[in-house]
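**Student:** Residue-level listing of the chains:
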Amino acid sequence: MFEKVKQLFHRGKLSEAESKFLDPRPDYEEGYDAQRDVVVRLVAPKKKNAKPYQVRGIEDVASKNDWKAWVYLAPVIVLITVFLLYPLVNTFFIAFAKDYQYATGKFSGLTLDNFGIIFKLVEINGAKEEYFIQYAIPNTLIVTFVTVPVSIALALIISVALNSIKWFQKFLQTVFFLPYVTNAVAIGLVFSVMFDDSGVINFIFQSNTVWIYGADRWTAMIPLCIYIVWHSLPFKILILLSGLQGIDKQYYQAAQVDAAPKWKVLTRITVPLLSPQILYLMITSFIGAFKEYTSVVAMFNGPGTMGRASVIPDMETIVYYIYDNVEKLYTGRAAAAAVFLFAVIMAFTFIQFKVSKTRVHY
Amino acid sequence: MANEENVNLNPQQDGAATLTPAVYPDFKKIEVNANIVLSIEEAGQTVDSIKKAEKVGRIITTVLTYIFILALALTVLFPFYWMIITSLKQKAEIEAVNQTFFPTIVMWSNYSYVFQVFDFTQYMMNTIVVAIFSTLGTLLTTIFAAFAFARLQFKGREAVFAIFLMTMMIPGEMMVISNYLTISAFGWISDQTRMEAYAAMIVPFWVSVFYIYLLRQNFKQIPNELYLAAKVDGKSDWSFLWKVMVPLASPTLISITILKFMGTWNSYVWPQLVTKQEEFRLISNGLRGSAFTDVDTGQVEYGYQMAASFCVTVPLFLLFIFFRKYIMRGVGRAGIKG
Numbered sequence: 030m031f032e033k034v035k036q037l038f039h040r041g042k043l044s045e046a047e048s049k050f051l052d053p054r055p056d057y058e059e060g061y062d063a064q065r066d067v068v069v070r071l072v073a074p075k076k077k078n079a080k081p082y083q084v085r086g087i088e089d090v091a092s093k094n095d096w097k098a099w100v101y102l103a104p105v106i107v108l109i110t111v112f113l114l115y116p117l118v119n120t121f122f123i124a125f126a127k128d129y130q131y132a133t134g135k136f137s138g139l140t141l142d143n144f145g146i147i148f149k150l151v152e153i154n155g156a157k158e159e160y161f162i163q164y165a166i167p168n169t170l171i172v173t174f175v176t177v178p179v180s181i182a183l184a185l186i187i188s189v190a191l192n193s194i195k196w197f198q199k200f201l202q203t204v205f206f207l208p209y210v211t212n213a214v215a216i217g218l219v220f221s222v223m224f225d226d227s228g229v230i231n232f233i234f235q236s237n238t239v240w241i242y243g244a245d246r247w248t249a250m251i252p253l254c255i256y257i258v259w260h261s262l263p264f265k266i267l268i269l270l271s272g273l274q275g276i277d278k279q280y281y282q283a284a285q286v287d288a289a290p291k292w293k294v295l296t297r298i299t300v301p302l303l304s305p306q307i308l309y310l311m312i313t314s315f316i317g318a319f320k321e322y323t324s325v326v327a328m329f330n331g332p333g334t335m336g337r338a339s340v341i342p343d344m345e346t347i348v349y350y351i352y353d354n355v356e357k358l359y360t361g362r363a364a365a366a367a368v369f370l371f372a373v374i375m376a377f378t379f380i381q382f383k384v385s386k387t388r389v390h391y
Numbered sequence: 182m183a184n185e186e187n188v189n190l191n192p193q194q195d196g197a198a199t200l201t202p203a204v205y206p207d208f209k210k211i212e213v214n215a216n217i218v219l220s221i222e223e224a225g226q227t228v229d230s231i232k233k234a235e236k237v238g239r240i241i242t243t244v245l246t247y248i249f250i251l252a253l254a255l256t257v258l259f260p261f262y263w264m265i266i267t268s269l270k271q272k273a274e275i276e277a278v279n280q281t282f283f284p285t286i287v288m289w290s291n292y293s294y295v296f297q298v299f300d301f302t303q304y305m306m307n308t309i310v311v312a313i314f315s316t317l318g319t320l321l322t323t324i325f326a327a328f329a330f331a332r333l334q335f336k337g338r339e340a341v342f343a344i345f346l347m348t349m350m351i352p353g354e355m356m357v358i359s360n361y362l363t364i365s366a367f368g369w370i371s372d373q374t375r376m377e378a379y380a381a382m383i384v385p386f387w388v389s390v391f392y393i394y395l396l397r398q399n400f401k402q403i404p405n406e407l408y409l410a411a412k413v414d415g416k417s418d419w420s421f422l423w424k425v426m427v428p429l430a431s432p433t434l435i436s437i438t439i440l441k442f443m444g445t446w447n448s449y450v451w452p453q454l455v456t457k458q459e460e461f462r463l464i465s466n467g468l469r470g471s472a473f474t475d476v477d478t479g480q481v482e483y484g485y486q487m488a489a490s491f492c493v494t495v496p497l498f499l500l501f502i503f504f505r506k507y508i509m510r511g512v513g514r515a516g517i518k519g
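Protein chains in written order, with the numbering used here: chain S, 30 to 391; chain U, 182 to 519.
Hints listed in this document are in silico derivations from the structure and should not be mistaken for laboratory results. Note that the structure is a prediction, hence the values are computed from the model and not measured. Don't be surprised by glycine CBs; every beta carbon is placed ideally from N, CA and C. A hint or two may mislead.
A partial selection of chain S residues facing chain U, derived with a Cβ cut-off under 10 Å [as the list claims (entries may be wrong)]: (1) Leu102; (2) Val107; (3) Leu108; (4) Asn119; (5) Ala156; (6) Phe174; (7) Ile186; (8) Ser271; (9) Ala363; (10) Ile374.
Working from the sequences, and respecting the hints, build out all of it.
**Tutor:** Encoded structure:
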C-alpha cells in the first residue's frame with residue numbers, strides 16, 4: 030500500500046491532501062544534489078522501489094526556465110547595452126571615423142586624424158592644437174605621480190598610528206573619514222578661498238604667493254595636489270585600517286619577543302601583510318588620479334589659472350580636455366582622447382596586476 | 182626549588198630548550214643552572230629598571246602618537262572650520278591682509294542671501310528629485326540582476342557576469358560622448374523641459390555593475406537551503422526574492438542607497454553637460470555657477486559662497502552621523518574583494 034502511494038506521488042497523480050492522508054510518517058530523507066541543483070528525496074533502501082526521486086518544481090529553475098533569469102536581467106542588460114556597451118563601441122568608432130557628423134551619424138571612411146590632432150601631428154583649421162600634449166597629459170601625470178604615493182604613504186602612517194591607540198580611536202577614525210562625505214565642489218571652493226592671495230595660507234606662512242587666480246602653472250599645482258590628497262585620504266585610511274585590524278596579533282607578539290625595532294615591524298610585518306590592500310589602493314587611486322577633473326573645476330573655475338576666462342587651459346587634465354571638447358561638440362577629438370585614456374588605464378591596470386603576482390603577499 | 186615554575190634555562194634537562202612564558206615574580210629567586218649570556222646593553226640593569234624604562238618608553242610613544250594624530254586630525258578638519266568661519270564673516274574681513282580665526286561681526290545675512298538670491302531651494306529640489314529616482318531605479322535593477330546571478334541557473338551565467346565585471350574597468354569618460362549623443366537623439370536636450378532634464382540626469386545612471394557585484398556577494402551568503410525550503414513550500418522566485426532575500430540583504434541595500442544618494446549629491450559633470458537651463462541644474466553646478474560673482478567688479482563673494490557650501494555639506498554630514506556604519510561598510514567592502 031505504502032509503495033503504491035509513493036509511486037503515485039512520484040507520478041504526481043495524487044493531490045496534496047490525498048498524499049498527506051495516505052502517506053504515513055515519511056520514510057525518507059531530503060537532500061540537496063549540488064551537481065544537478067535539485068532536491069532529491071532519498072528513500073530508505075529496505076523499501077523495494079527505493080530510488081531517489083525528484084521533488085517537482087525545483088529542477089525547473091535549473092533547466093527549463095532559462096527565460097526567467099533573462100527576465101530578471103532584462104532591465105540591466107538593456108541599460109548596460111544602451112549606456113555602456115554601445116557608447117564604448119561608438120566612442121572607438123567616432124575616434125577613428127573621418128568627417129563624422131554627430132547629428133546624422135554620417136562619416137566618410139576611417140582615419141587616424143583625430144589622434145593626429147590631439148598629439149599635435151595634424152593641423153586643424155590651419156593650426157596645430159597643442160592643449161592635449163602641452164597641458165592635459167603633463168598635468169595629469171604630475172597629479173598622478175605626486176598624489177598617489179603621497180596619499181598612500183600618509184594614509185599608511187595615519188592608519189598605523191590610529192590602530193595603535195586606545196582612547197578615542199573610533200572618534201578619530203570618524204574624523205579622518207569626514208572628507209569622504211563632502212561635496213567635492215563645496216570643499217574645492219573652500220580650498221580656493223584658503224589659498225587666495227589674502228587667504229589664510231598666505232597669512233599663516235606670511236607669504237605673498239599667488240596660488241590660484243593668475244598663478245604660475247607649477248605653483249598652482251601645489252594647492253591642487255594638496256586638495257586631491259586631502260580628499261582621497263579617507264578612503265585609503267578606511268581600507269588600510271580594516272586591513273590592519275585583520276592582521277593576526279601573533280606576528281606582533283613574535284616581533285615583541287624578538288625585540289624587533291618599531292620601524293622594522295612596520296616594514297617587515299605590517300607593510301607586507303597589507304600588500305593586498307596597498308595594491309588595491311594603488312590601482313584604484315591611480316585610475317582615480319588619472320581621471321581627475323572635479324578638483325580642477327572646483328578650485329580654478331575653469332581650465333586654467335585665469336578661471337573661466339582662461340585663454341590657455343594650463344590646468345587642464347585629460348578628462349577636462351575630453352569634457353571641454355564634448356561641450357564644444359568636437360566629438361572626434363574628445364573620442365580620441367577618451368580612447369587614449371582608456372588605453373593608458375587598461376595598460377597600467379594590467380601591469381599592476383602582473384607585478385602583484387610576484388610582489389604581493391597574500 | 183622554585184626552578185620549575187620559572188624560566189627553564191637548561192637545555193639538557195628535557196632535551197629541548199623550551200622557554201616557558203616569562204613568569205618571574207621575583208628576580209633573585211631564580212637559580213641559575215646553565216650558562217646565561219647577558220647582552221651588553223642589558224648589563225647592570227635589573228628587571229625593575231628595564232620594566233620601568235619600557236613603561237616610560239611606551240608612555241612617550243603613546244603621547245607622541247596622540248600628538249601626531251591630533252595634529253593631522255586638526256589639519257583634516259581645518260577646511261571645514263574655515264568654511265564655517267568664512268561663511269560668517271563680512272566681505273572686508275575676508276579680504277583683509279590680517280586674517281582672523283573668528284569673525285569679529287557674525288554675519289548671518291550671508292545665509293539669507295543663499296536662500297533668497299541664490300535660490301538654494303530650487304537646486305536642492307532638483308538634486309533630491311534626481312537622487313530619489315536614480316536611487317530607486319538603481320535599487321530595482323540591482324536587486325533583479327543580483328538575484329539572477331546569485332540564485333538562478335541559466336546558460337551563460339558566468340560569461341554574462343564576467344562581461345559585467347569587465348565593464349567596471351572602463352572609465353566613465355569613454356561613455357560620456359556617446360551618451361550625450363544618445364540623450365540628444367532621445368530629444369531630451371533640445372527644447373528641454375523639466376521632465377526631460379530630469380530624465381537625462383536619471384536614466385543613464387540606473388545601472389551600476391559595482392552594486393550588482395556587491396549585492397550578489399550578499400545574496401550568495403544567504404543559505405541555499407532557505408531557497409530550496411521556499412521552493413518545496415511552493416513559493417515563487419518572485420515572492421522569495423521580496424520576502425526573504427531583500428529583507429536579509431537590507432544592510433547592503435541601505436549602503437547602496439546612501440552611496441548612490443551621495444553620488445548624486447556630488448555629481449557635477451553630467452548635469453552640467455545635459456542641462457541647458459540654470460533652473461534644472463543640481464547643487465554642485467549651482468555652487469560653481471556665477472551666482473557668487475559680483476556683476477560689477479567680477480569679484481567672487483566668498484562669504485556667500487562659503488555659506489552655500491556649508492548648506493550643501495551639512496545634509497551629507499547628517500546622513501553620515503545617522504548612517505555611519507552603513508556608509509563605512511559600503512565603502513570598505515570595496516577593499517575586501519582583493
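**Student:** Each hint needs a verdict: does it hold in this structure or not?
**Tutor:** Verification of the supplied hints:
no. : hint   : verdict
1   : Leu102 : holds, 5 Å
2   : Val107 : holds, 9 Å
3   : Leu108 : holds, 4 Å
4   : Asn119 : holds, 4 Å
5   : Ala156 : violated, 23 Å
6   : Phe174 : violated, 18 Å
7   : Ile186 : holds, 8 Å
8   : Ser271 : holds, 5 Å
9   : Ala363 : holds, 5 Å
10  : Ile374 : holds, 6 Å
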